[in-house]
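Participant: Each chain, written out:
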Amino acid sequence: MGKSDNTELTKKARELLRKQVDRKLAAALETCVRCGICAESCHYYVADPRPEHVPAYRAEKLRQIYRGLFDPIGRIAPGWVGAVPVSDQMLDSLVETSFASCTMCRRCTVNCPMGVDNALVVRAIRSLLTATGRAPEMLEQLAEAAIMREEGLEYIKDLFLEQIAELENELREKVGDLKARIPVEEQGAEILYVALSGAHTILPASVLFYATGTSWSLSLFEAANYGVFLGDTPRAKRITQRIVDEATRLGVKEVVVSECGHAYTTLRWEAPNWFGKPFPFRVRSLVEVMAEWIEKGKLKLDPTRNRLAVTYHDSCNLARNSGLIEEPRTILNACVTDFREMTPNKQHNYCCGGGAGLVALPEFSEQRLNAGKPKVKQIKATGASIVAASCDNCRHQLGELNEHYEMGVEVIGLAELVVNALVLDKGRVPGKEPVVAATV
Amino acid sequence: MSNADVVLDLKGLLCPIPVVKVSQAIKSLPVGGVIEATATDPGVLADIPAWTRTTGHELISIERQEKLINFKVRKVK
Amino acid sequence: MSTVETSAAIAAIVGAVVAVVGCAWHVRWMFSLPFKGDVATAKGSASKGVMYAYTLGMAPWEKESTRRHMVGYLRGVLFHVGIFAALVVFVASPWATVIWPSVRLLLAAVACLGGIAGLLGLAARFGEHNLRAISTKDDYFAVALVSLFVLTSALAVLSPSAVPVFYVVSAVTLVYLPFGKVRHCVYFFFSRFAFGVFFGHRGVIEGARSQ
Chain A
336 MGKSDNTELT KKARELLRKQ VDRKLAAALE TCVRCGICAE SCHYYVADPR PEHVPAYRAE
396 KLRQIYRGLF DPIGRIAPGW VGAVPVSDQM LDSLVETSFA SCTMCRRCTV NCPMGVDNAL
456 VVRAIRSLLT ATGRAPEMLE QLAEAAIMRE EGLEYIKDLF LEQIAELENE LREKVGDLKA
516 RIPVEEQGAE ILYVALSGAH TILPASVLFY ATGTSWSLSL FEAANYGVFL GDTPRAKRIT
576 QRIVDEATRL GVKEVVVSEC GHAYTTLRWE APNWFGKPFP FRVRSLVEVM AEWIEKGKLK
636 LDPTRNRLAV TYHDSCNLAR NSGLIEEPRT ILNACVTDFR EMTPNKQHNY CCGGGAGLVA
696 LPEFSEQRLN AGKPKVKQIK ATGASIVAAS CDNCRHQLGE LNEHYEMGVE VIGLAELVVN
756 ALVLDKGRVP GKEPVVAATV
Chain B
2 MSNADVVLDL KGLLCPIPVV KVSQAIKSLP VGGVIEATAT DPGVLADIPA WTRTTGHELI
62 SIERQEKLIN FKVRKVK
Chain C
22 MSTVETSAAI AAIVGAVVAV VGCAWHVRWM FSLPFKGDVA TAKGSASKGV MYAYTLGMAP
82 WEKESTRRHM VGYLRGVLFH VGIFAALVVF VASPWATVIW PSVRLLLAAV ACLGGIAGLL
142 GLAARFGEHN LRAISTKDDY FAVALVSLFV LTSALAVLSP SAVPVFYVVS AVTLVYLPFG
202 KVRHCVYFFF SRFAFGVFFG HRGVIEGARS Q
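Residue numbers (this note's numbering), protein chains in the order written: chain A, 336 to 775; chain B, 2 to 78; chain C, 22 to 232.
If you're looking for bench data, these hints aren't it; they were derived computationally from the structure. Note that the Cβ used here is the ideal one computed from N, Cα and C, for glycine as well. The reader is advised that the hints may include incorrect statements.
Said to hold, decoys possible - Below, simulated DSS-like cross-link-like pairs (lysine-lysine); rule was C-alpha separation at most 25 Å, straight line:
1. A/LYS633 x C/LYS64
2. A/LYS572 x C/LYS69
3. C/LYS57 x A/LYS572
4. A/LYS354 x A/LYS612
5. A/LYS492 x A/LYS612
What the hints assert, rightly or not - Computed spacing ranges between beta-carbons, pair by pair:
6. C/TRP82 x B/GLY13: 45 to 55 Å
7. C/VAL48 x A/SER428: 30 to 40 Å
8. B/GLY57 x C/TRP46: 50 to 60 Å
9. B/PRO31 x A/PRO413: 43 to 53 Å
10. B/SER62 x A/THR547: 47 to 57 Å
11. A/GLU431 x C/ALA117: 28 to 38 Å
12. C/PHE105 x A/GLU431: 50 to 60 Å
13. C/SER123 x A/THR345: 50 to 60 Å
14. A/THR342 x C/TRP46: 22 to 32 Å
15. B/LYS28 x A/ASP383: 42 to 52 Å
16. C/GLY58 x A/PRO384: 32 to 42 Å
17. A/GLU431 x B/LYS28: 13 to 23 Å
18. C/VAL124 x A/GLU627: 54 to 64 Å
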């Protein structure tokens with residue numbers, strides 16, 4: 336039994352779950368018939384085929400609690416339907432189940448004959464653990480730091496602007512134009528571009544905004560939202576609020592999210608529902624914007640500048656959870672000479688293992704690297720030298736997989752590939768060195 | 002010579018990994034212990050101050066030298 | 022009608038009432054739960070997604086999992102077809118003697134195959150490592166009970182003397198339905214609906230994607 340008063344804990348768990356159980360979650364909890372055919376759809380199971388890695392097994396952990404709290408049969412005869420009483424011990428055991436053994440990629444959902452949304456179930460487990468003080472410390476710290484970035488803006492802004500000034504110099508050097516800018520807080524800009532902390536998400540996009548003559552402003556805040564990974568909707572909403580406020584203040588028509596899977600999914604799909612209404616601005620990924628530029632002929636690209644074989648890793652958030660499937664292919668077909676699909680791909684692609692905050696959790700790095708095995712196999716089978724990825728968490732993970740499994744590839748973002756192929760007016764090409772991010 | 006208890010080389014690491022590494026390293030230090038780190042991703046210029054404010058640790062200094070960013074953090078609690 | 026036959030018929034009717042009321046309770050409960058429509062601007066069509074979820078999305082070739090587990094999936098499909106046949110037998114049983122013999126034979130054959138498929142599924146649940154790890158006692162009991170229901174329906178449609186037995190098994194099955202895993206027959210529709218809305222709205226399902 337657990338170390339604290341189980342009656343109190345049970346009461347708390349019941350309240351927390353009651354708040355979460357809406358029609359979608361109830362359907363996910365009630366519908367699974369435990370047929371088990373979801374097993375091989377999970378990259379954890381493919382990497383290490385044991386029952387604990389079957390998606391239904393993980394989701395069953397919450398069902399056990401749910402039945403004990405809400406199902407009459409679960410209360411009368413818990414052993415019959417597998418209901419389990421809430422205890423500290425059992426909640427502690429769920430930390431690894433939900434934070435280290437599932438990336439909420441929804442590959443199992445797509446493969447479930449009943450359409451059970453296991454990601455929703457795992458998110459509910461994370462939410463329960465966060466609310467009972469069990470969430471991984473690093474995710475908590477990163478979520479709080481994001482909020483602090485706004486609350487302590489007067490303190491952090493100067494440092495941020497110093498960073499941007501430095502990047503602006505690099506941009507000018509790269510495009511050979513001393514007037515090139517990285518605008519910040521640009522009132523009346525058409526686009527608010529929300530990057531991540533890393534320069535690799537700012538500089539290539541800046542080059543492309545410059546090349547297309549786009550009216551834009553760089554957000555003071557980063558796109559990442561660790562509140563989402565915690566399953567903590569109020570905090571996730573608070574983190575998103577910063578961007579919504581900034582976009583509204585500047586009066587932009589559109590918010591463009593950097594190449595980041597969860598940040599895009601959050602702002603594009605989840606956040607409008609938290610706020611209860613559509614945003615007064617459009618939300619797109621840089622991937623969609625780049626594809627549109629290419630389709631409209633706004634970018635002059637020379638694919639021979641990217642001659643090495645390139646494969647593309649579909650981010651689960653962008654492809655399977657957001658339908659950004661053809662856009663990356665439009666980009667790659669225009670900026671590289673040898674694009675090779677990995678199999679399976681698009682919405683059927685395997686997760687790389689780095690999603691849902693896993694790359695920020697060093698305590699689970701062993702599980703994460705192991706779960707990346709199917710991805711390594713997929714990449715190796717293409718024979719490609721470059722792996723393009725349009726999500727930063729994927730890039731971190733793929734970079735680590737590259738080192739750990741000695742794949743000998745280079746991991747790069749789509750925007751960097753586009754910049755490499757970019758031909759500016761009068762045949763100029765940007766910079767001397769290609770913009771390639773270091774791997775982790 | 003550095004008077005830090007731990008010296009971290011964070012060059013080449015992209016945000017938020019530098020923050021993760023610092024957070025991990027500070028756990029092993031006694032209160033008052035100092036971490037000195039060098040990073041290349043300019044994102045740390047905003048990320049590290051935000052993180053120290055959140056966690057209550059003291060940011061002793063953060064400065065840029067050409068392409069390198071050096072910072073020192075003291076463990077407070 | 023003998024006392025036994027009458028009692029069995031009453032039990033079956035009671036079972037049917039419990040099942041219908043129980044299912045209605047589950048439906049009512051689901052509709053009492055919060056459900057927020059998605060206010061994010063659509064990239065695809067939620068309605069086309071729902072259509073896909075209930076039709077092509079169920080096809081055995083449509084998913085990697087069902088292609089990989091084709092035998093197990095078809096076994097499950099056969100089992101459920103058998104259940105539908107058994108339900109037809111249950112509803113039509115008072116008029117069994119006037120049903121064309123060929124139709125009766127067809128129902129019996131389908132139910133028989135369905136029942137065998139159910140029992141094979143039960144054996145797989147006992148035999149497979151993963152399935153054992155995720156199964157509850159309810160899972161074993163429900164599959165066994167429904168398989169028996171389906172098999173006895175085959176007997177009942179062929180031989181009137183088996184009807185009372187079929188009614189008693191039906192009564193137990195129907196009374197159990199709202200309480201055990203069999204209630205997924207209600208929740209399935211909600212789950213597939215949510216699936217279709219989610220992946221249709223977001224433009225993930227190819228046929229639902231906006232151009």
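Participant: For each hint, tell me whether it holds in the structure or not.
Facilitator: Cross-check of the supplied hints:
no. : hint                            : result
1   : A/LYS633 x C/LYS64              : 23 Å, holds
2   : A/LYS572 x C/LYS69              : 30 Å, violated
3   : C/LYS57 x A/LYS572              : 16 Å, holds
4   : A/LYS354 x A/LYS612             : 21 Å, holds
5   : A/LYS492 x A/LYS612             : 30 Å, violated
6   : C/TRP82 x B/GLY13: 45 to 55 Å   : 46 Å, holds
7   : C/VAL48 x A/SER428: 30 to 40 Å  : 34 Å, holds
8   : B/GLY57 x C/TRP46: 50 to 60 Å   : 52 Å, holds
9   : B/PRO31 x A/PRO413: 43 to 53 Å  : 47 Å, holds
10  : B/SER62 x A/THR547: 47 to 57 Å  : 40 Å, violated
11  : A/GLU431 x C/ALA117: 28 to 38 Å : 56 Å, violated
12  : C/PHE105 x A/GLU431: 50 to 60 Å : 42 Å, violated
13  : C/SER123 x A/THR345: 50 to 60 Å : 58 Å, holds
14  : A/THR342 x C/TRP46: 22 to 32 Å  : 29 Å, holds
15  : B/LYS28 x A/ASP383: 42 to 52 Å  : 28 Å, violated
16  : C/GLY58 x A/PRO384: 32 to 42 Å  : 39 Å, holds
17  : A/GLU431 x B/LYS28: 13 to 23 Å  : 19 Å, holds
18  : C/VAL124 x A/GLU627: 54 to 64 Å : 59 Å, holds
Hint check: violations occur at hints 2, 5, 10, 11, 12 and 15; the rest are consistent with the structure.
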